[in-house]
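Trainee: Residue strings, one per chain:
Number of protein chains: 2
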Amino acid sequence: MAKLCSLVRVEIVAVGTELLLGQIPDTNSQWLGERLAANGIASHFHQHVGDNHERIVAAFRIALSRSDAVIVCGGLGPTQDDITRAALAEIMGVDLVRHDDIVEKIRSFFDARGRTMSLNNLLQADVPAGATIIEQVRGTAPGLICPVGDQVMYAVPGVPYEMSDMFERAILPDLLNRQRAQGHTSVIVSRVLRTWGASESGLAEAVAERFDALVDSDRVTIAFLASGIEGIKVRITARGNDREHALALLDEEEQLVRALIEAAFGDIIFGLDDETMEHAIAQRLLARGLSLGLAESLTGGLIASRLVNVPGASQWFRGGIVSYASQVKFDLLNVTPGPVVSASAAQEMALGARALLGTDVALAVTGVAGPDEQDGQGPGTVFVGLAIGDEVTHVQLRVPGDRARVRSFSAIGALDALRRGLDRLA
Amino acid sequence: MAKLCSLVRVEIVAVGTELLLGQIPDTNSQWLGERLAANGIASHFHQHVGDNHERIVAAFRIALSRSDAVIVCGGLGPTQDDITRAALAEIMGVDLVRHDDIVEKIRSFFDARGRTMSLNNLLQADVPAGATIIEQVRGTAPGLICPVGDQVMYAVPGVPYEMSDMFERAILPDLLNRQRAQGHTSVIVSRVLRTWGASESGLAEAVAERFDALVDSDRVTIAFLASGIEGIKVRITARGNDREHALALLDEEEQLVRALIEAAFGDIIFGLDDETMEHAIAQRLLARGLSLGLAESLTGGLIASRLVNVPGASQWFRGGIVSYASQVKFDLLNVTPGPVVSASAAQEMALGARALLGTDVALAVTGVAGPDEQDGQGPGTVFVGLAIGDEVTHVQLRVPGDRARVRSFSAIGALDALRRGLDRLA
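Chains as they are written, first to last, in the working numbering: chain W, -19 to 406; chain R, -19 to 406.
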């Protein structure tokens, strides 16, 4: 991303002794790093520091000595070890001032949940004089924008889903304004091609020539982001003189990269940006007016729980049977008694689920999560059954990893099989 | 943790632009932090820095200015952006010297795999003059122990399983020797109480007196870790003259804190350390020899997918019905046609699931995930039905957040209701 770097350098400081002790992973710094990079904003350093006033202040001073802006995650909560506010006040050389309007918001947050607000929650209403509030819409602790000379420190809660909301809503726009104020007027846009079924090295090889051709480009970059069971993301970033120009470069590059990937692997791009595999399923079922039912064995409800995350799922998803015990497969789904890790069992499960739930389409999964083998099949052996119209088919998957990973890979693998099955329909 | 610090303060510096861009998570810092803490070695700061010589050197100087020892992860590989060796040489004020014996080891590593060694692999044989080698037994790049005055910098590859091997085999023993040389022999242990159903601020208030009494303790500390939908963790850490002494202090403190929490909130501690809510359920069902079935509406299989993560779940979990569409509730679970977001619907779902799945116990959940209301009920309104023995009961929950969070909170809230229900059995 070097060529696309901004004039504004952002440092991330994650606060919390639990990070130093390794009791929780610091997912915030990774998430922020990716979002900053996707917006062409440079981040040269990250720090972790514990809940200790002197050390937090020291970390802040170091960050301000080498970066233009600092994003502080954590230490804004209501407990005695949440001391980020005081450290910010010391850096700014100001006092903490209690904001009555924040007190009211916190109180109403508790009232709305029928809970009484303990007094130490009021600490969250203390704000360094001169700081701007980032309104909290998902919890109780507001975020802060603290000017330090012509530099700035942003403070957000450590709770990822509160942090990400405040970043998108308040911090990113402010950073982009600062870039423009520094005459950095070019616009950076990016798009992610979501793929499932190819390895990162395989994808890199497929687009290697194009990748090398762009090494010296100050306009377009390609990056590969391994996303665990969700597949490999191919992120294309383009910098243009204005938004229209940037989007034109992006569209052009997407066509090139898409062609290279599809030539090598076929139809493995299932979505763009935040589109998940379940969104791909939803679009296809809605377009064809079909309803879906499930029969899950080793995935144990994982597929259903992914599908109902799609808003409006009730328009096409009726439900599923979690047939974890074999007897449930026999009794409820009319699977022929016998081995249940087989292609025929998967197909019978799909037929049984479709009949029981009265749907147009049914997807079924059976297999071995491990660690022990079952029906003579080893861990990672998975059969997917698919009932669409008069067609009843199966797909066999071999998936790696421990119990949890085998289940997760099986869930998205089965959804991908359904995606391809629906695409085969006229 | 300030009061519990060891004499040797270790800083972790993870090197790699991919960390700043968020393309991969930094699992090494978390792992090292946990291992250091478990051995009573203090780690006050972590840094991430990209593959840039000046910035790496700057990060090293900062680390040496505030820590006694530095563990550097990454940048020891064979490619052009692996520049940790050169940065270490600059800090030490020495040249890089190529070690022929390392060259031979690397060459044989490739020979053994029938691969030809590309010349840039020889870079891995360059060692700062005066540094000691940590032999590489899992890959090609050796680790380094670099004396800097009376301080020390350790360098290990970023590949987790190469890093962890070198830490256990060479770095940890060296650090413990340094501690002993400074007459520091104490041991630090910690334990986490897992709670669900109380707010972080409420817990802090419940133990406030004890917390304050420990502020100046150099033996014991208490910390609160918000863990999203998984509840609040209360971490107790104790430092003893030896392991036995440390554990005794820990047990004593746990009894005190446990009593304060239970006095304020009752039975909200569901487990210790890594024990999840589903483990608490599994223990109780196994102890009573009971089987479980589910009926899930708004949670859409989320509860089932959590339960099957417990190894041996097949001993007590038979399956579940994901009755997402109302018609499925009526047809399969014999719920009385009408509003399905109600206490009676939840109880009928539990009875229906128990009959259909032939289990001893059944748990059912119905409610409104939102954003729209349903059956005149607003988002976050959730009814949990519980069928145990002859007893059929319900619990109403009010849960916050968007669709995904309402579902997640409903799932763990329902499991907590089941936990309490099972505890009510003789």
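FYI, nobody ran anything at the bench for these hints, they're computed from the structure.
It is possible that part of the hints are untrue.
Repeated chains share a single entry, so a pair holds when one copy, or any two copies, can fit it.
[What the hints assert, rightly or not] For lysine to aspartate or glutamate, the following EDC-like pairs were computed, each having C-alpha atoms within a straight-line distance of at most 20 Å:
(1) Lys213 <-> Asp80
(2) Lys85 <-> Glu353
(3) Lys85 <-> Asp382
(4) Lys213 <-> Asp130
(5) Lys213 <-> Glu115
(6) Lys213 <-> Asp231
(7) Lys213 <-> Asp352
(8) Lys213 <-> Asp370
(9) Lys85 <-> Glu371
(10) Lys85 <-> Asp106
(11) Lys213 <-> Glu234
(12) Lys85 <-> Asp130
(13) Lys213 <-> Glu371
(14) Lys85 <-> Asp355
Trainee: Indicate, hint by hint, whether the structure satisfies it.
Mentor: Structure-based check of each hint:
For the identical chains of this complex, Lys213 and Asp80 are neighbours neither inside a copy (45 Å) nor across copies (30 Å), given an alpha-carbon limit of 20 Å. Taking CA atoms no more than 20 Å apart as the test, Lys85 paired with Glu353 passes in neither setting, with 55 Å inside one copy and 24 Å between copies. In this assembly of identical chains, the alpha carbons of Lys85 and Asp382 lie at most 20 Å apart only when taken from different copies (19 Å versus 45 Å within one copy). When the C-alpha separation of Lys213 and Asp130 is checked against a cutoff of 20 Å, the pair qualifies neither within a copy, at 37 Å, nor between copies, at 39 Å.
For a Cα distance limit of 20 Å, the shortest separation of Lys213 from Glu115 qualifies neither inside one copy, at 32 Å, nor across copies, at 26 Å. Taking identical chains as interchangeable, the C-alpha atoms of Lys213 and Asp231 lie at most 20 Å apart only when both belong to the same chain, with a minimum of 17 Å there against 47 Å between chains. When the C-alpha separation of Lys213 and Asp352 is checked against a cutoff of 20 Å, the pair qualifies neither within a copy, at 33 Å, nor between copies, at 33 Å. Taking the shortest alpha-carbon separations for Lys213 and Asp370, neither the intra-copy value of 35 Å nor the inter-copy value of 52 Å comes in at or below 20 Å.
Proximity of Lys85 to Glu371 under the C-alpha cut-off of 20 Å is found in neither arrangement, the shortest distances being 57 Å within a copy and 41 Å between copies. For the identical chains of this complex, Lys85 and Asp106 are intra-copy neighbours only, at 13 Å inside a copy versus 60 Å across copies, given an alpha-carbon limit of 20 Å. Proximity of Lys213 and Glu234 under a CA criterion of 20 Å is satisfied intra-copy only: 13 Å inside one chain copy versus 45 Å between copies. In this homomeric assembly, Lys85 and Asp130 never come within 20 Å of each other (Cα to Cα): the closest approach is 31 Å inside a single copy and 53 Å across copies.
For the identical chains of this complex, Lys213 and Glu371 are neighbours neither inside a copy (32 Å) nor across copies (50 Å), given an alpha-carbon limit of 20 Å. Neither within a single protomer nor between protomers do Lys85 and Asp355 lie at most 20 Å apart by alpha-carbon distance, with minima of 58 Å and 29 Å respectively.
Hints 1, 2, 4, 5, 7, 8, 9, 12, 13 and 14, counting from the list given before, are not met by this structure.
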